Structure formats: structure tokens, C-alpha cells
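There are 2 protein chains.
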Amino acid sequence: MKVAVLGYGTVGSGVVEVLESHCEVIKKRTGGDVLEVSRILDLRDFPGDSHAAIFTKNFNDILKDDEIKVVAETMGGVNPAYEFTEKLLAAGKSVVTSNKELVAQKGLQLLNTAKEHNTNYLFEASVGGGIPIIRPMAQCLAGNNIEGIAGILNGTTNFILTKMIEENMSFSDALALAQKNGYAEKDPTADIEGHDACRKVCILASLAFGKHVYPSQVQTQGIKDITLQDVAYAASANGVIKLLGQIKYIDENSIAAFVSPAVVFAGSQLASVRDVFNAILVRGDAVGDVCFYGRGAGKLPTASAVVADMVDCAKHIDRRKIFGWGAGDSDYVVDYKQVLPMQFYVRAKMSQSEVLALFSDVKFLSRKGQPSDETAFITDKMTENELMQKLSGKVVYSTIKVAEY
Amino acid sequence: MKVAVLGYGTVGSGVVEVLESHCEVIKKRTGGDVLEVSRILDLRDFPGDSHAAIFTKNFNDILKDDEIKVVAETMGGVNPAYEFTEKLLAAGKSVVTSNKELVAQKGLQLLNTAKEHNTNYLFEASVGGGIPIIRPMAQCLAGNNIEGIAGILNGTTNFILTKMIEENMSFSDALALAQKNGYAEKDPTADIEGHDACRKVCILASLAFGKHVYPSQVQTQGIKDITLQDVAYAASANGVIKLLGQIKYIDENSIAAFVSPAVVFAGSQLASVRDVFNAILVRGDAVGDVCFYGRGAGKLPTASAVVADMVDCAKHIDRRKIFGWGAGDSDYVVDYKQVLPMQFYVRAKMSQSEVLALFSDVKFLSRKGQPSDETAFITDKMTENELMQKLSGKVVYSTIKVAEY
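Top to bottom, those sequences are chains C and Y. Counting along the first sequence from 1, when you hit position 22 you're at 22 in our numbering, and nothing is skipped either side. Counting along the second sequence from 1, when you hit position 275 you're at 275 in our numbering, and nothing is skipped either side.
Just chain C, same shape as in the assembly (with noise of 0.2 Å):
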């Protein structure tokens, strides 16, 4: 069978080699069938690639080629991956993508026209990377009523943070770090301040209860603000800062959604993700607690679920695979803030009894060098709201929220 590639970047290159180098094991899962990559789209020059003969700058070349069937879209951002995307799922193509900022904002249209035309729409690299994730919600938690998605889903971030709890260093010691290891873009601003996990938690949300979440929708706070006092104290009390995606199932017409830094007590699965792995938690009613672990990055982790993809829609090529969403009611992801009850970490300017008159049920916590004007302690669970209510008047140096995984 014939494929497409759109877009020769980092992922893209590794989709053509993975399909090149793991012949045998695909023809395995497909039943025979080879796919062989007929053309490359990309607007740049790759002189000495081996691929010059099959490289073409012309999207019409894969549009109008009635022998692919199967295109990866891994370009990334929204235009022109968009248009593209539409015009070869109308043409009756199948097509699997990496780009989480394209699902995120267009999942919903690109999912009903590939139902208008009979074909498929995949996009399990969107998500974690090469960890499988997408499918397990989709098909084997089909007996569960799911409760709740706690994720690490941006591997930057989890990084700088592992910098920061196990070698002190400072945030933006830790960020120039990623940054020279290639972990982190020139401009860090997208995995910093939570866009990309906000993506991947509008691509998990729209999947698991089945409308589509919009990132504007999801309350986005990033890690910058993160200080190595606030790492110490959380220390003290075996936890580790983490940015978390969240999910949480309120109602048939309602789900809460946000994107923050989290306190993980040891013992959950999620405190052990070190370095730039993601994983992701899910609660279902009946299954209880299931991880996904590995690395959510990088050219081959990434390259490999979207080749998966690839033999996924060779093997349904003449039918669809049930994975749509609705639209929500513009109300359907609630002002978390006000309505889920939480733990917050909190460091501020107070005294223990100062402490103690506002809230009724505390652990403090200590650290190395505490300053005797600084108290850090954990709150019993208040929406956030009415933390901010209580806090009022108050020097706070930072508040964080404690996770429930």
C-alpha cells in the first residue's frame, strides 16, 4: 500500500524511517501488506537525502494520487496541516497525525468529515508520545465509567523539575539545561507555560467523555513560578512538584479541566516519572487506577505511534473505526476554582497560629534555611476559591495544588 508523509521534520523523517526500517514486523500486523512511503511533502531542501526522488513541494501530488491511502500529517500547528488534513480526508484518504495543536482545536471537524467520507482520523502520537494511550481509552476501557485523568504529559517540564527536586538547581539553571540538551525550543514559552499539556489535555478530555474540550477552555498555568523553596518543603513531606494535567468527571453536562503544578506524594505512580517520560493515570469506576508510562517525546518514541496509526488504518481501510466526539455546551468544562473541592500547598508570611485561626485541619511543613517569618503547610480541601477567600490579606508567597493520584 501506498503512504504519504507531510512534513520532513523531526518526527516526519522518523516516520520514514521506522517504515523503512520495520518492514517485517509491520507486514506481521497488517497481514502482509508493505507500506511504502510514495511521497514526502516538504517545503524545504534536503540536499544528499536518499528520498530526493520521492520529495515534492506540490500537496496536489499526494491529494491526486489515488493510490495513497494512508497520509501522516506531522508538520505541527494549525495551518496549513488543517486545510490539508480536510481536503485528503474528503478525497476518501485516511489520515494519522502527531499534532496535538491540530486535534486540540479541530479534532471535532476533522473527526466528522472523516465519518462524512468513510474513513479514519488517528492521531495516537498526539498524546505521550510513543506511550499507547489513545487506543486503551478508546476501546479497552470501554467497561468503565472513567472518574478522572491525572497526567505528565509535557516531558520539558518534567525535566526542568527533576533538575530542580534532585539536584537543586534553579529554574532557569534547569530550563538553559533542557534548552542545550534540545529538550526545550529557543522559545520554552509552549511547554513552560502549559500549552502543550493543555493540548494533550483537550485531546484526553474529548476522548474520555466524548465532547470535544477547546484549549481555551482549560485553565492553563505553567512552572516558571516554581521556586526551590517550594520544592524543599514539598520535600519535607515526600512529595515532588509535578505539572499535571487534570480531568474530572462532574456530570453527564459537566467536567472539570486545568493544566497546573501539583504536590505528588510518593507512593503514587506518578511520583516516579523522572526526566522528560510522561505518564498518564486514568480512574476508572471499575478498573480502579491504570498508568501509562514512557517516553511522550522525541523522534522514534513519537515516529513509532504514528506508524502504528499508519498499520491501523491499513487494516481498516475499508472501514471506520467508531472514535468520534460531540460538540459541548460552551458551559461544559466548570470554573474548577469554584467547585472542586482540593489540598493546596501554601507558603506564605504567616505564623503557625496565625495559620492555625484560619484553617482547621493542617500539616506544616519545614526546610532547611526556613526563614522564622515563613510558614509552608497543607490545607484540608477547599475549592480554591475559598482558599483565595481565606489567604485575602495575607503575604502568599505561593499556593499549589495537591494532587489526588
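Rather than coming from a laboratory, the hints here were simulated on the basis of the structure. All of these numbers come straight from a predicted model, not from anything done at the bench. Mixed in with the good hints, there may be bad ones.
Pairs involving identical chains hold if they fit within one copy or between any two copies, as the list cannot separate such chains.
[As the list claims (entries may be wrong)] Listed next, the in silico SDA-like pairs over lysine to any residue satisfying Cα-Cα at most 20 Å (straight line):
1. Lys299 / Met342
2. Lys64 / Asp373
3. Lys163 / Ala266
4. Lys390 / Ser254
5. Lys28 / Asp285
6. Lys64 / Thr189
7. Lys315 / Asn118
8. Lys115 / His316
9. Lys27 / Ala138
10. Lys211 / Asn60
11. Lys315 / Ala138
Given the coordinates of chain C, assemble chain Y onto it according to the supplied hints.
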């Protein structure tokens, strides 16, 4: 769609419960179809059970009912489950199972029968209880050559080892507690001798490499010789002793597959798996290590995996999932003791200088109350046969493999 359940024990009654309580989520996944339990086969009576009207003791009531399209086999054991499953598949019905013993012994034949009759035989629940592992292995890793698999596959033994590690409980006390908690059978042989883990290794190996592996081919060692002394020495090197099932790709025509205790060091995703939880780590050449974690047993977790397979069958009623494996040669599973180099933990009546005379790259361990004539150490890499040769003539208390994961 009408479905039936064979065996109304823990898992079978859980399947009925999940099917009834999860109508809505099942409808979403099937695209509108409900799975209605129309027959339950069990030779026992269940006075007062609300399903009185649909119980039967006659297998033919299910076999001959053309409206029943999908059957869950949750009887356990090879007979009569094998005969029943053969007949159901031959009649064109899909069968799903949690019966690892049957899949390990007869998976090849049953998959062939399913193929002949263009129907499906699925067994997600046979490994890892509710953890999605079979399907991610089969589908999502289509872009990888699998290099190795290591799993904590048995919850009972992991519970016992956790109590020994964390509470310094003796093996026999921990076993008694597991029995009291309902985690271990009155006759705990299948768990503590590793037979249960062995069956799961067979299924994972067959699936990963496409050739059936039988329990008799998998060298299996349980945990009953593990002592608190070994636990303490391992702890001094930040290690924990786990019962691991391991599979290693050697070449196109051979693999290693075995079950044994193994020292796992902190930092491994397998080290933090406590109590009755299971985890399966898969190492692919493109994706690196991915790990799947969750409850490996229990009524509702296992039932939810059975139900997910039933939903999958309902969606694929008109087509077969490509999912088979062939026969392996008799020498397909090699004698790992002869060919697979690994590190070992050794505890022996030897002096450090005697150890150093035999081994070149040794890490000595220590424990509280260590007798002056007892030495424990980690060796460099060698085959188990080489190790045994070196140690011949010595008083050796224990040797335990060191995991590479």
C-alpha cells in the same frame, strides 16, 4: 445484541454486573448497541440471585441460540472451557476470556478455530487483569521490534514480597495474611510457585513474537525461598526483590522466557509497584521502555477488561481482528541459563577475598546482624551456568537474578 457468560464465579458475576451498570458507556462505544446478558451457564445454584430466569446448566442453551453472538468464558481451567470455546467459535460466535490457563495452553488452536470460522477470540483480561496490555502490544507497538518484556504479573506474590520488604514480615506470615485478605487461595501453589505468572509470560511472548509458547517451555521459579536476609541485602543497594516474568528476543528463531525472583533497583518503574498491583514493561527499539500499571486481578478490574473485549467483538461482529500466532519450533525457547548473560545477587558462606578470587567486578552488600562468615554481593554479567560453575563447591544460601529493567 445478546451475549452470554460461562461461569458465574468472581469474574463472571463481575462481568454481568459491569454489563448491567455500564449500559450508557457501552452504548457510546458500540455506537448505540446494548449488550444484553441473555444466558449465564453455571452448574451451581445461586438462590436469591436476581438473574434466576437466565441461569442454565445446559451449555447447548447457549451454543444453539443463534441470537447470542458474543460469549464471555470466565470459568477458568482448561476443561471444559476448551471444549466449550471450540464449539462456540465453530458456531461463529465470538468468545472473550479471562482464562489465562486456557490461552497459555490452547491459544494457538483456539485462534486457528476462530480464524477458520471468521470470528474473534479475545483475551485482554488474561494478562494484567484490568490493565490494557494485550491490545496496546498487538496494535500500538506495530512500529517497533520488541526487544524485551518484564512484568510483575502476579498480585498475590507481589503483596507477599511487599510485606516482606516494607514490614519485615516473614514469607509464611505474609502468605497467611494474603490468604486472610482473600488475595491468596487456600492452596497457594499456582501463585507462589510462579505458575500463574508463567501462563501470562506464555501469552505475552506468543503475542509479542508471533509463535506460541507453552508453559512447559518456560523455566519457572517461585518466591518461597526468598528470605528476609535477601530482602535486607537488596535494600542496602536500593533494590527490591520482585517476582518477574521476563521475555527476551534473541533472533528470528529464538527467544528466552522465564519466571523468577529478581532484584529490581530504585528508579525502575517496576520497583515502585507495591501490594497487589501489576506492571508490564515493554522495551521496543523505537519507543524505548513503555510501562503499563494497574490492578492485575480482582472482580471488577478483570470484569471491565472482559467487557471491553465483548464491546470490541460487538463492533467487529462482521470481521476478524488480525491477531494470530503460529507454532514455534521445539527449540524456539532457549535455555536462558546457557545463553543469557546477566548480573546476579549471591549470598554465600564465603569471605570477601574468596569472592574476589572468583569474580572480577563485584559490589558487596551489607545488612544489620550480618554474620561474619556470610557475604552477599552483586556479580558482573555472566550466564547462570557460568555463575553456578564458579560457585560449585561453595555453601551458597541464595542466588537471585538482577533485572535489567
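Results of checking the hints against the structure:
no., hint, result
1, Lys299 / Met342, "neither (37 Å within a copy, 30 Å between copies)"
2, Lys64 / Asp373, "neither (70 Å within a copy, 79 Å between copies)"
3, Lys163 / Ala266, "both (17 Å within a copy, 18 Å between copies)"
4, Lys390 / Ser254, "neither (27 Å within a copy, 66 Å between copies)"
5, Lys28 / Asp285, "between (36 Å within a copy, 16 Å between copies)"
6, Lys64 / Thr189, "neither (38 Å within a copy, 63 Å between copies)"
7, Lys315 / Asn118, "both (14 Å within a copy, 16 Å between copies)"
8, Lys115 / His316, "both (13 Å within a copy, 17 Å between copies)"
9, Lys27 / Ala138, "between (25 Å within a copy, 13 Å between copies)"
10, Lys211 / Asn60, "neither (33 Å within a copy, 43 Å between copies)"
11, Lys315 / Ala138, "both (18 Å within a copy, 13 Å between copies)"
Against the hints set out earlier in the document, violations occur for numbers 1, 2, 4, 6, 10.
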